[in-house]
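Line by line, the protein sequences are chains V and L.
Okay, so the first sequence: first residue is 1 according to the numbering used here, each after it adds one.
Okay, so the second sequence: first residue is 1 according to the numbering used here, each after it adds one.
Treat the hints with caution; some may be incorrect.
Quick list of in silico lysine-lysine cross-link-like pairs, DSS-like style, CA-CA up to 30 Å [stated by the list, open to error]:
id	chain 1	residue 1	chain 2	residue 2
1	V	K65	L	K59
2	L	K159	L	K214
3	V	K289	L	K299
4	V	K289	V	K84
5	L	K299	V	K64
6	V	K299	L	K159
7	L	K64	L	K84
8	L	K323	L	K212
9	V	K33	L	K65
10	V	K84	L	K84
11	V	K64	L	K159
12	V	K64	L	K289
13	L	K299	L	K365
14	V	K65	L	K159
15	V	K323	V	K212
16	V	K59	L	K323
17	L	K64	V	K59
18	L	K299	V	K65
19	L	K84	V	K64
20	L	K323	V	K65
21	V	K289	L	K64
22	V	K65	V	K33
23	V	K84	L	K323
24	L	K59	V	K59
25	L	K59	V	K214
26	L	K323	V	K64
27	V	K64	L	K65
28	L	K64	V	K33
29	V	K33	V	K323
30	L	K59	L	K33
31	V	K212	V	K289
Honestly, the hints are just simulated from the structure, not real lab data.
All values derive from a computational prediction rather than experimental measurement.
Protein chains: 2
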Amino acid sequence: MLHWLAMSASYLSRRMNHIDTSQIRRMFDLAAKLDSPINLSIGQPHFDTPDSVVEAARKALREKKTAYSQTQGILPLRERLSQKFQEVNGFSASAENILVTSGVASVLQLLYLTTVDPDDEVLLVEPSFLIYRGLSSFFGARMRTIPEDFSASDLENLKFDRLKLILFSSPSNPTGRILSEDQVRALGNLADRTGALLCSDEIYEIFDYDGKFKSAAAIYPNAVTMMGFSKSYSMTGMRLAAVSGPEALIRAMTTLQQYTIVCAPTPNQWAGIAALDTDMTDYVADYRKRRDFMVNELKDHYRFGPPDGAFYLFAEVPEDALKFVQRGIDEHQLLVVPGSIFTDRGNWIRISYAANDETLERGVKALRAMAGA
Amino acid sequence: MLHWLAMSASYLSRRMNHIDTSQIRRMFDLAAKLDSPINLSIGQPHFDTPDSVVEAARKALREKKTAYSQTQGILPLRERLSQKFQEVNGFSASAENILVTSGVASVLQLLYLTTVDPDDEVLLVEPSFLIYRGLSSFFGARMRTIPEDFSASDLENLKFDRLKLILFSSPSNPTGRILSEDQVRALGNLADRTGALLCSDEIYEIFDYDGKFKSAAAIYPNAVTMMGFSKSYSMTGMRLAAVSGPEALIRAMTTLQQYTIVCAPTPNQWAGIAALDTDMTDYVADYRKRRDFMVNELKDHYRFGPPDGAFYLFAEVPEDALKFVQRGIDEHQLLVVPGSIFTDRGNWIRISYAANDETLERGVKALRAMAGA
């Protein structure tokens, strides 16, 4: 047995040397040992999936809609998405040009596999969602970054050899920032200049507290729109997302999906239609209150960028981020995410306010104490 | 717009040149035009998902078990799988060493990504499931094959440079053959000799009509077992499968899953437990009758290998397979799958008997007519 374990790594691909989740795993291991944690590390809404969504999935199951769907996704969902993109997001995407898949992570997987060869360049707006960084490294891409407060002129002098993807989330995970229309337009110009794809991860689109969000495809029509159900409708475990964009890309991703997940879970595709028909206004208003509470309680103690949306603050801390996080656990049972998984620059933590009132109040108290207030 | 379409392929990865689904797509397009097709091309059971499975998913949904699960899958399902592997399949796999994922296609995706570098070798027992061939080509592996009726001595003289995977399905899609214990043992010896992983796709395990099936891991303990719920419980659209094998591999696949599908659909994981508790004996007995009917009706007209399991016959045809398939559509509205997507050797068709009595009777009549009977 020792023999086997010792030789076991020999069959792993070289790619596996470029993926490391030990920081996150260590955090989870530590968290599991706490008896009354203040958990501000969560990346999903703290409210339940709306009944309308759950009941639609239950109905599909009762009707035994449990077989493979078309690879591309059921037509009624793609038609409903086409309508939503037009009415809510202000851009056109036909049902034929939308692919339904199993979460935005699956979109990203398909995106990298269909476009990125080793040594191709990927430009990330940073700080950036950890999966962008992970996949760039895993697939041997050269990762380039620009800070999220870039201006149009910052992009003009950038030189690239083989830029394939320009990738960002807005509202941002981890910072909550919503890129301005000028910024998105500048990224679109860069895409045109380089032949790269502009890829907009809009999974947090409804968590837009000050009316700043506009879909990238409404500004730059060739944008790749990555739309997720997970956060908006608190259905992270139902694994449903969609992507629209240039025809050749959607066709390539659909072809590849026959070899990866085959199709998104069928009953949940029916639930997706119900989700798009569900009014989430009250949920978003509740999260706006949470955002306001956190900002007011913490703004005199921490520096953070504009908390426009999503449900995160990205706060600068006065010491090494991992040390700060460790101290939070040791002294307060406080769980936040170290910023080092989102950026190499500076010392930051991601504070999630997807939590109930009591947790937020305890969290604020701990964070203020840690800042020396 | 024309400008965009013309230049659109420039962003696609080189990998995309090595994937081609046009044959299958053309078949589906032709099939969609038939008004009363005899469909013997289906790769999933024709019976409904058992109520017990559907009700378990519905219960999980009602209880709002709709958030992310652990990446590796919910512990109760992994524990139940561990018990099943011991009691039904005769090998040991701890719950810690089982990964739950979104269909066997997802297992294969993770397997190739975690193990296969460009120019590594992959040995397929042929004819082989089309996804093995597709992924081998897509990831730049050198594909080697051995015919499924190989003997142990056939393997002894094979030379490899960098063999990473030995991959087969038994019962086989597309042939229905179940490999003998001697054959599996010989493949295990080859794995030991080369350092490759022996990967056994057991998605058709319950469709074993003559009691010939034995899990590879019960013969060769280091085997990678790929277990699927889709076919056994007719839940192809619920996207659920599991994999066990060497610890370092399962750990690597679990790490990567954080970047691909994150987790299998959570409500369906609960349904998986109910599936494993569901007695499928009657369903299998029904499929055995279908197998016997097809074999008796066709054996004097077509040559095919031992139809041990799954729900396919792989029959030799007296002309080019694509021409035969086209003639079936034109003359009889008959749909079967051309063997050319499973093997480069000879002219074959895959006949599925996952269909109702009337379809099978019409199918037999058409096939006999086409053989000139």
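Between L/K64 and L/K84, is the straight-line Cα distance small enough, at 30 Å or below? Given that 30 Å is the threshold and the Cα spacing comes to 27 Å, the pair holds.
Regarding the pair L/K299 and V/K64, is the alpha-carbon distance no greater than 30 Å? Since the Cα atoms of L/K299 and V/K64 sit roughly 35 Å apart, the hinted pair is violated (cutoff 30 Å).
Restraint status (C-alpha distance of V/K299 to L/K159 at most 30 Å): 67 Å, violated
Has the given pair, L/K64 with V/K33, been kept, meaning a C-alpha gap of at most 30 Å? 25 Å, holds
Holds or violated: L/K323 to V/K65, with C-alpha atoms at most 30 Å apart: Roughly 34 Å between the alpha carbons, so the hint for L/K323 and V/K65 is violated.
Is V/K289 close enough to V/K84, meaning Cα to Cα at most 30 Å? At roughly 26 Å apart (the allowed maximum being 30 Å), V/K84 and V/K289 satisfy the hint.
Is L/K84 within 30 Å of V/K64, Cα to Cα? 26 Å, holds
Sort out whether V/K33 lies within 30 Å of V/K65, counting only the CA atoms. 41 Å, violated
Hinted pair L/K299 and L/K365, Cα distance within 30 Å: Roughly 13 Å separates the two Cα atoms, so the pair holds.
Between V/K65 and L/K59, does the CA-CA distance stay at or below 30 Å? With a Cα-Cα distance of about 16 Å, the restraint between V/K65 and L/K59 holds, given a limit of 30 Å.
Hint check: L/K299 vs V/K65, CA-CA at most 30 Å. Holds or violated? This hinted pair is violated, its Cα atoms lying about 36 Å apart.
Tell me if the straight-line CA distance from V/K59 to L/K323 falls inside 30 Å. 43 Å, violated
Hints 3, 5, 6, 8, 10, 11, 14, 15, 16, 18, 20, 22, 23, 25, 26 and 30 from the list above are not met by this structure, while the remaining hints are.
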